[in-house]
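Based on the sequences and whatever the hints tell you, model everything.
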Amino acid sequence: MRAGGAGREVLVTLVVAALLIWLMPLVIGTYTLTVLVIYGMLGLSLGLIWGFGGILCFGQAAFFGLGAYTYAIAAINIGESTVPMILAVLVPALFAALLGAMMFYGRLTDVYLGVITLVVTLILFKFVNSTAGPQYKIGEARLGGFNGIPGFQTLNVPGDPDAYIWGDPYFYVCAVMLVIVFLLVTWLLRSSFGRIAVGIRENEVRMALMGYDVAARKTVLFAIGAAIAGLAGALFANWGEIVTPNLFSLGQSAEIIIWCIVGGLGTRLGPIVGAAGLAYLKFLLGQQSMIDNTLITGLILVLFVLFLPRGLVPAIAALLTSIFGRSRRKPSARRMRRLRHG
Amino acid sequence: MDLTFVILVEMLYAVASLVLISAGLAVVFGMMKVINLAHGEFMMMGGYATITAVNLGVNVFVAMLVIAPLVVGLIGLVVERLVIRHLYGRLVDTMLATWGLSLVFIGLATMIFGNTTTGISTPIPGFAVGGYQINGYNFFIIVVSILLVIGIYAVLRGTRAGLIARGTMQRADMAAALGYSPDRIYMATFFCGSALSGLAGAVLAPLVGLVPTSGGAYIAKAFITVIAGGPSLIAGLVSSATSFGVISQIFTFAISPVIGEVALLIAAVVLLRTMPQGITGRFFKGKL
Numbered sequence: 252m253r254a255g256g257a258g259r260e261v262l263v264t265l266v267v268a269a270l271l272i273w274l275m276p277l278v279i280g281t282y283t284l285t286v287l288v289i290y291g292m293l294g295l296s297l298g299l300i301w302g303f304g305g306i307l308c309f310g311q312a313a314f315f316g317l318g319a320y321t322y323a324i325a326a327i328n329i330g331e332s333t334v335p336m337i338l339a340v341l342v343p344a345l346f347a348a349l350l351g352a353m354m355f356y357g358r359l360t361d362v363y364l365g366v367i368t369l370v371v372t373l374i375l376f377k378f379v380n381s382t383a384g385p386q387y388k389i390g391e392a393r394l395g396g397f398n399g400i401p402g403f404q405t406l407n408v409p410g411d412p413d414a415y416i417w418g419d420p421y422f423y424v425c426a427v428m429l430v431i432v433f434l435l436v437t438w439l440l441r442s443s444f445g446r447i448a449v450g451i452r453e454n455e456v457r458m459a460l461m462g463y464d465v466a467a468r469k470t471v472l473f474a475i476g477a478a479i480a481g482l483a484g485a486l487f488a489n490w491g492e493i494v495t496p497n498l499f500s501l502g503q504s505a506e507i508i509i510w511c512i513v514g515g516l517g518t519r520l521g522p523i524v525g526a527a528g529l530a531y532l533k534f535l536l537g538q539q540s541m542i543d544n545t546l547i548t549g550l551i552l553v554l555f556v557l558f559l560p561r562g563l564v565p566a567i568a569a570l571l572t573s574i575f576g577r578s579r580r581k582p583s584a585r586r587m588r589r590l591r592h593g
Numbered sequence: 030m031d032l033t034f035v036i037l038v039e040m041l042y043a044v045a046s047l048v049l050i051s052a053g054l055a056v057v058f059g060m061m062k063v064i065n066l067a068h069g070e071f072m073m074m075g076g077y078a079t080i081t082a083v084n085l086g087v088n089v090f091v092a093m094l095v096i097a098p099l100v101v102g103l104i105g106l107v108v109e110r111l112v113i114r115h116l117y118g119r120l121v122d123t124m125l126a127t128w129g130l131s132l133v134f135i136g137l138a139t140m141i142f143g144n145t146t147t148g149i150s151t152p153i154p155g156f157a158v159g160g161y162q163i164n165g166y167n168f169f170i171i172v173v174s175i176l177l178v179i180g181i182y183a184v185l186r187g188t189r190a191g192l193i194a195r196g197t198m199q200r201a202d203m204a205a206a207l208g209y210s211p212d213r214i215y216m217a218t219f220f221c222g223s224a225l226s227g228l229a230g231a232v233l234a235p236l237v238g239l240v241p242t243s244g245g246a247y248i249a250k251a252f253i254t255v256i257a258g259g260p261s262l263i264a265g266l267v268s269s270a271t272s273f274g275v276i277s278q279i280f281t282f283a284i285s286p287v288i289g290e291v292a293l294l295i296a297a298v299v300l301l302r303t304m305p306q307g308i309t310g311r312f313f314k315g316k317l
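Top to bottom, those sequences are chains A and B.
The numbering used here puts the first residue of the first sequence at 252, with every later residue one more than the last.
The numbering used here puts the first residue of the second sequence at 30, with every later residue one more than the last.
For the record, the hints were derived by calculation from the structure and aren't laboratory data.
Example chain A residues on the side facing chain B (calculated, C-beta under 10 Å, incomplete):
(1) M353
(2) K377
(3) L546
(4) G549
Derived, one-sided and incomplete: chain B residues facing chain A with beta-carbon distance under 8 Å:
(5) H115
(6) A126
(7) A249
(8) V287
(9) R302
So these bits of chain B aren't anywhere near chain A, every CB distance computed over 10 Å:
(10) T146
(11) P154
(12) N164
(13) A183
(14) F220
Keep in mind it's a predicted model, so treat the numbers as computed, not measured.
Don't be surprised by glycine CBs; every beta carbon is placed ideally from N, CA and C.
Laid out in structure tokens, this is it:
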């Protein structure tokens with residue numbers, strides 16, 4: 252990966268992203284598109300820690316929900332959106348750093364990691380669900396239990412609380428955020444931190460013997476993933492204009508994992524494509540009532556695990572490679588097996 | 030005095046229902062290291078099988094103890110042949126595939142039974158202890174759970190099939206070298222595990238209003254109990270169900286049911302953090 256290659260990749264990313272941002276609203280309404288972009292960011296957050304760090308988190312929705320709730324609570328108390336946005340990134344990151352430190356310094360791996368993240372999500376869900384009474388308040392904001400929190404200040408131009416950003420402009424804000432996050436992730440993975448993270452995914456003992464502090468690095472990566480999920484949560488809160496405990500639900504966590512599997516693990520683009528694609532499919536399926544929505548989501552997951560375990564993006568890349576015969580860098584089959592099966 | 034008795038029964042009931050919920054999952058996990066995330070939906074289908082059978086005029090106990098396990102066992106058999114058999118040895122992939130299956134079952138149940146709550150009444154009346162009313166059905170669940178644990182132990186310890194199963198559990202390749210097909214044994218185990226899930230769902234059906242998404246309420250608890258139990262099947266199941274059941278009941282009585290649930294979950298986190306291989310990874314090593 253030469254420096255020139257990096258510059259060209261950034262340029263290609265920017266051009267493609269600009270084209271997509273310009274063309275997509277002609278096909279799909281911006282209201283729907285905004286949420287697809289947000290889900291893409293959420294998918295990317297798990298894709299980063301699972302695909303490149305080998306951390307299978309069953310509770311990515313916890314950070315998503317935490318970001319959304321942080322934003323909503325802070326926005327009600329502050330009445331302006333800039334600080335809440337920053338808090339919505341920091342709080343989940345901090346939470347994940349604490350949780351991650353607890354898990355990774357305890358040398359927990361695969362299934363046990365999955366159970367703990369799942370349990371933490373459940374705790375948050377149960378707790379927030381039970382806060383319907385008026386005694387549960389943070390500052391001015393009532394937590395509202397299963398009713399959620401409506402009516403908070405939505406995104407505004409920084410410094411001017413009356414200049415709301417909504418509708419088409421909000422879509423462009425979200426899309427640009429996604430591009431920025433994507434580029435940051437690209438930069439992170441090219442840096443030595445990213446390569447060491449991949450090294451840890453490949454073989455933890457080897458990296459530890461080489462003198463790297465595996466637990467600390469995994470914790471940091473986990474926190475970065477949570478920060479991205481938190482940002483996605485805050486954007487989602489702005490889009491929906493209400494936050495509910497369902498953001499923390501198991502179903503939400505499951506969906507993020509499905510996006511990553513379908514899109515392709517170990518790629519940056521895969522989880523975004525998987526998230527946006529599946530969310531749009533769900534939207535389309537929601538408009539008919541002949542076949543149950545859940546059934547199709549489940550069927551897709553089963554079929555992908557059985558027949559296309561590497562996901563769409565790697566499969567398409569392999570197909571293109573075999574057609575055009577160019578040897579592009581791609582994750583080897585062996586590496587992917589390692590990643591998924593420890 | 031009465032209150033102590035009531036609390037004791039409630040605790041026993043909490044432990045028993047955890048054992049019941051987790052037994053099917055524990056058998057499959059202990060045997061083949063497969064986490065079946067569709068376990069909750071197997072229980073849900075057990076519940077629906079019971080309710081459908083009762084509505085068709087079958088005796089409620091026959092429906093619960095015979096029909097539901099058989100129906101769910103057969104569904105499990107089909108699932109094992111179609112999906113899970115291709116994924117043995119790939120822990121994360123089986124989890125994902127069975128998660129997909131659970132969604133499929135929820136979808137199917139919604140299409141067949143509709144998104145409404147159904148239920149049957151409990152077949153055993155309650156009775157009074159001093160000033161407190163106790164649900165008689167709780168005793169039934171306690172008895173079923175105890176019989177279940179004894180049954181699993183007896184089969185694994187006392188029968189030839191159990192011996193073969195335990196052998197395969199330890200060294201599948203050795204069992205294969207001695208002429209027993211692991212493929213067949215896994216199939217049979219999965220059938221038994223599914224049947225147990227069906228039984229659990231059926232026995233608990235009179236206590237809950239059944240909806241297609243009911244399974245979700247069980248899977249997390251079962252998953253946690255089994256993983257926290259660790260490698261030994263029966264010792265792990267009983268020890269982790271006991272610790273979680275007692276802890277959650279203590280907090281339920283002291284504060285509120287929600288706190289009880291949360292206490293259970295926090296206990297699970299603490300337990301896994303201190304004993305990453307589960308309870309039987311440290312204590313009762315080598316036991317069944």
